[in-house]
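Trainee: Below are the chains, spelled out letter by letter.
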Amino acid sequence: MNNDCILSVKELETTFTTDDGDIRVLDGISFDITKGKTVGIVGESGCGKSVTAASIMGLLPHPYGKITSGEINYKGTDLVKMLPEELYRTRGNEISMIFQDPMTALNPVHTVGKQLYEVFELHRPDLSTSEQKLAAIEMLKRVGIPAAEERINVYPHELSGGMRQRVMIAIALACEPEILIADEPTTALDVTVQAQILDLMANMQAQSNMAIILITHDMGVVAEVCDEVVVMYAGHVVEKTDVFTLFASPKHPYTQGLLQAIPRIDGIPKSTLGTIPGSVPNLREMPSGCRFRNRCQYQTEQCAKDAPQLASISENHAVSCFLVREEI
Amino acid sequence: MTKAILEVINLKQYYPLRGGLFSKTKYVYAVDDVSFSVKAGETLGLVGESGCGKSSLGRSLLKLLEPTSGQIIYNGQDITHFTPKQMVSLRKEMQIIFQDPMESLNSRHTVGSILEEPFEIHKIGTKKERQQKVRNLLIKVGLSASAAERYPHEFSGGQRQRIGIARAIALNPKLIICDEAVSALDVSVQSQIINLLIELQKTMNLALIFIAHDLSVVRHISDNIAVMYLGKVVEMSDTQSLFANPQHPYTRALIAAIPLPDPRLRGKRKLLKGDVPSPMSPPDGCHFASRCYLSTLKCTVSYPDLKMSSANHSVACHLAMEEAST
Chain E
0 MNNDCILSVK
10 ELETTFTTDD
20 GDIRVLDGIS
30 FDITKGKTVG
40 IVGESGCGKS
50 VTAASIMGLL
60 PHPYGKITSG
70 EINYKGTDLV
80 KMLPEELYRT
90 RGNEISMIFQ
100 DPMTALNPVH
110 TVGKQLYEVF
120 ELHRPDLSTS
130 EQKLAAIEML
140 KRVGIPAAEE
150 RINVYPHELS
160 GGMRQRVMIA
170 IALACEPEIL
180 IADEPTTALD
190 VTVQAQILDL
200 MANMQAQSNM
210 AIILITHDMG
220 VVAEVCDEVV
230 VMYAGHVVEK
240 TDVFTLFASP
250 KHPYTQGLLQ
260 AIPRIDGIPK
270 STLGTIPGSV
280 PNLREMPSGC
290 RFRNRCQYQT
300 EQCAKDAPQL
310 ASISENHAVS
320 CFLVREEI
Chain V
0 MTKAILEVIN
10 LKQYYPLRGG
20 LFSKTKYVYA
30 VDDVSFSVKA
40 GETLGLVGES
50 GCGKSSLGRS
60 LLKLLEPTSG
70 QIIYNGQDIT
80 HFTPKQMVSL
90 RKEMQIIFQD
100 PMESLNSRHT
110 VGSILEEPFE
120 IHKIGTKKER
130 QQKVRNLLIK
140 VGLSASAAER
150 YPHEFSGGQR
160 QRIGIARAIA
170 LNPKLIICDE
180 AVSALDVSVQ
190 SQIINLLIEL
200 QKTMNLALIF
210 IAHDLSVVRH
220 ISDNIAVMYL
230 GKVVEMSDTQ
240 SLFANPQHPY
250 TRALIAAIPL
260 PDPRLRGKRK
270 LLKGDVPSPM
280 SPPDGCHFAS
290 RCYLSTLKCT
300 VSYPDLKMSS
310 ANHSVACHLA
320 MEEAST
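Just so you know, the protein sequences line up as chains E and V, in that order.
Numbering-wise, the first sequence is residues 0 to 327 according to numbering that gives the first Met the number 0.
Numbering-wise, the second sequence is residues 0 to 325 according to numbering that gives the first Met the number 0.
Because the hints were derived from the structure by calculation, they are not lab data.
Watch out, some of these pointers could steer you wrong.
Calculated lysine to aspartate or glutamate pairs in the EDC-like style (CA-CA distance at most 20 Å, straight line) [stated by the list, open to error]:
| id | chain 1 | residue 1 | chain 2 | residue 2 |
| --- | --- | --- | --- | --- |
| 1 | E | Lys269 | V | Asp283 |
| 2 | E | Lys140 | V | Asp274 |
| 3 | V | Lys297 | V | Asp283 |
Could you put the whole structure together from the sequences, leaning on the hints where they help?
Mentor: Below, the structure written as C-alpha cells:
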C-alpha cells in the first residue's frame with residue numbers, strides 16, 4: 000500500500016436479506032484508491048458494482064442490505080464501524096457521489112439553487128445566506144453552466160440531460176470532497192455530451208486532486224479516463240491492474256471476453272463479434288468453484304472444485320484464475 | 000443493381016403543439032424532409048443524438064404515425080396513405096424491434112402465446128402447425144424450444160431481446176426496423192444479439208434499418224449510414240466512406256466523441272459544445288451552426304441542402320461543399 004492511498008477496501012462482504020434467504024452480493028472484494036487518481040470498476044449488470052459504491056457510502060438499503068465483514072479504511076478510520084452521525088458528516092463533505100440519472104437524483108420540486116444551498120446548510124453552516132448564494136453560483140460556473148446567475152432559479156426539468164448532470168456534479172463537489180464516486184455518470188447521455196462530462200470530471204480532478212471511483216460498463220469510457228481498473232464478476236474481483244496493462248494484456252477470460260465483444264471502430268464491418276456465451280448467473284444459483292466457469296471456454300475440472308483467489312502475477316496486476324497462474 | 004425495397008421521398012413528420020385560440024399552431028419538426036432508400040439484404044444505420052428524430056422516422060416508416068407529407072414507397076407501392084386496414088397485410092413484411100423487450104412483450108402471456116399471435120392474426124396454419132413454428136423460431140434465435148412455456152420475466156435481458164427478434168421474424172418479413180435494439184444490453188450480450196441479427200440478415204436476405212446512438216455498433220452492422228441532426232439528414236454515405244472521410248462537422252464531432260477502448264489513444268479530441276437545440280424552434284440557417292466550430296455568416300442565414308459530394312456520399316454543409324469544389 001502506498002502513502003497516497005486514501006481509501007482501502009479490504010475483504011468486503013455485503014449481504015442482502017431476501018424472502019428466499021440471505022444473498023452475498025459482494026464476496027470479499029479488496030481494492031485501494033489513490034489520491035488524484037481515477038479507479039474504474041467495470042463489469043456487467045448484476046456484478047456488484049453499484050453495491051460496492053453503496054457500501055462505501057453507507058447507502059445500502061436499510062434494513063435489507065448489510066456489510067457482514069471486511070473493512071473500508073478511509074484515512075485511518077474504518078467506515079464500516081463508524082456511527083451513523085459520523086458517517087453523515089463524512090458523506091458529502093469528504094466522500095460524495097453522483098448517479099446515472101440526474102432526473103431521479105435531483106429533487107424535481109426544488110430549484111437548482113435550493114438543492115445547492117442545502118449542501119452548504121448541512122456542511123458549511125458558517126456561510127451566511129448571501130454567501131451561500133455566491134458560492135452556489137460560483138460552483139455552477141465551475142462546472143460550465145452558462146448564465147449561472149439565472150440558472151440558479153430554474154427547476155431540474157427545465158435543463159437538458161447534460162446540464163442536469165453538471166448540476167449533480169456541482170452539488171457533489173460543493174464541499175470539495177476527497178473522493179467522488181460516480182455511478183455510471185454518463186450512461187444516459189449522448190456521446191457528445193458524455194465526452195463533455197468526462198472532460199469536466201477530469202478538469203475538476205486536476206484542480207482539486209480528488210480521487211474518483213468511476214463505475215461503468217463501458218470499456219471505452221474506462222480507457223478514456225481511468226488510471227486503475229477493477230474488473231468485477233458476480234460479486235468477486237476477477238482482475239485488477241493499471242489501465243494500460245488491462246487493455247494491452249488482459250489475463251482473465253472474462254476481461255478478455257468483454258474486450259472482444261466491443262465492436263471496434265477499426266474492425267471489419269459485419270464480422271462475427273466475440274461473445275461470452277450465456278449470461279451472468281443468478282446470485283442464488285452460483286456455480287461451485289469459479290463463478291465464471293460455465294461461461295468460460297477454458298474450463299477445467301479444478302475450476303468446478305475450488306474457487307480461484309485473486310493473486311498477483313506481476314507488480315500491480317492481480318488475477319483470479321487458475322489458468323493464468325499455470326501459465327507462469 | 001437490385002431494386003430498393005423501401006424508398007422514402009421528402010418525408011416529413013411534424014407534431015402539432017396546441018397553441019392558443021388566436022396564436023398560430025406551432026410544430027415540432029421531428030422529421031423534416033428526409034429521403035433515402037434501402038435494398039434487400041442491406042442495413043441502413045440511422046444515427047444522431049437524442050431528439051434528432053431517428054425514432055420518429057422509424058415509426059412513421061411503419062405508419063405507426065401518420066406522416067405529415069412526403070412519400071413512403073414499399074416494394075414499388077406508395078403506402079403513404081394506406082389505411083390501417085390496408086397496412087395489416089403489409090405488417091407481415093415490415094416489422095420492428097424495440098429497445099426494451101420487457102415493455103414490448105406482454106408479461107401476462109407465455110412466450111409461446113406471444114410468438115403464436117402473429118400466426119393467429121394472419122390466420123396461418125392449424126394450432127399444431129403454429130406451435131411447431133414457434134418451436135422452430137425459438138431455436139432459430141438461439142433459445143431452447145421449452146422456452147415457449149415460460150413467461151417473459153423468467154428470461155434475462157438478452158434472452159428477452161431474442162424473443163423480440165423471434166416475434167419480428169415470425170412471418171418472414173422483408174424489412175425490420177431495429178429501434179435501439181441493443182442499447183439496453185451488456186456488451187457481452189449485445190455482441191451476441193448483433194451477431195444474431197447479422198446472421199438472420201444473411202439467411203433471410205433481410206433489409207434492416209438500424210436506429211442507434213452508438214456509432215461503433217452502427218458502423219459494425221450497417222452498409223450505409225444516415226446521420227441525423229434536428230430532424231434532417233446532414234450526411235449520408237456508405238459506411239466505409241463515412242468513417243474514412245466524414246465531411247459534416249457534426250459527423251466528425253460524433254466520431255471524435257466515441258470513447259475508444261484503447262487507453263493509448265485518450266485525450267486530444269475536439270469537444271462539441273452545447274446541447275441539441277429544441278426541435279420546436281430550430282435556429283435559422285444551418286441547424287448545427289450554433290454548435291459548429293467552423294460556422295460562418297452564411298451558415299446562420301441559409302440552410303445548406305443535402306448535396307452529393309461524391310458518388311454514394313452526400314452532405315448538407317456549405318463549407319464541405321466549398322471544400323469539395325475547390
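Trainee: Hint by hint, say whether it matches the structure.
Mentor: How the hints compare with the structure:
no.	hint	result
1	E:Lys269 - V:Asp283	violated, 39 Å
2	E:Lys140 - V:Asp274	holds, 17 Å
3	V:Lys297 - V:Asp283	holds, 11 Å
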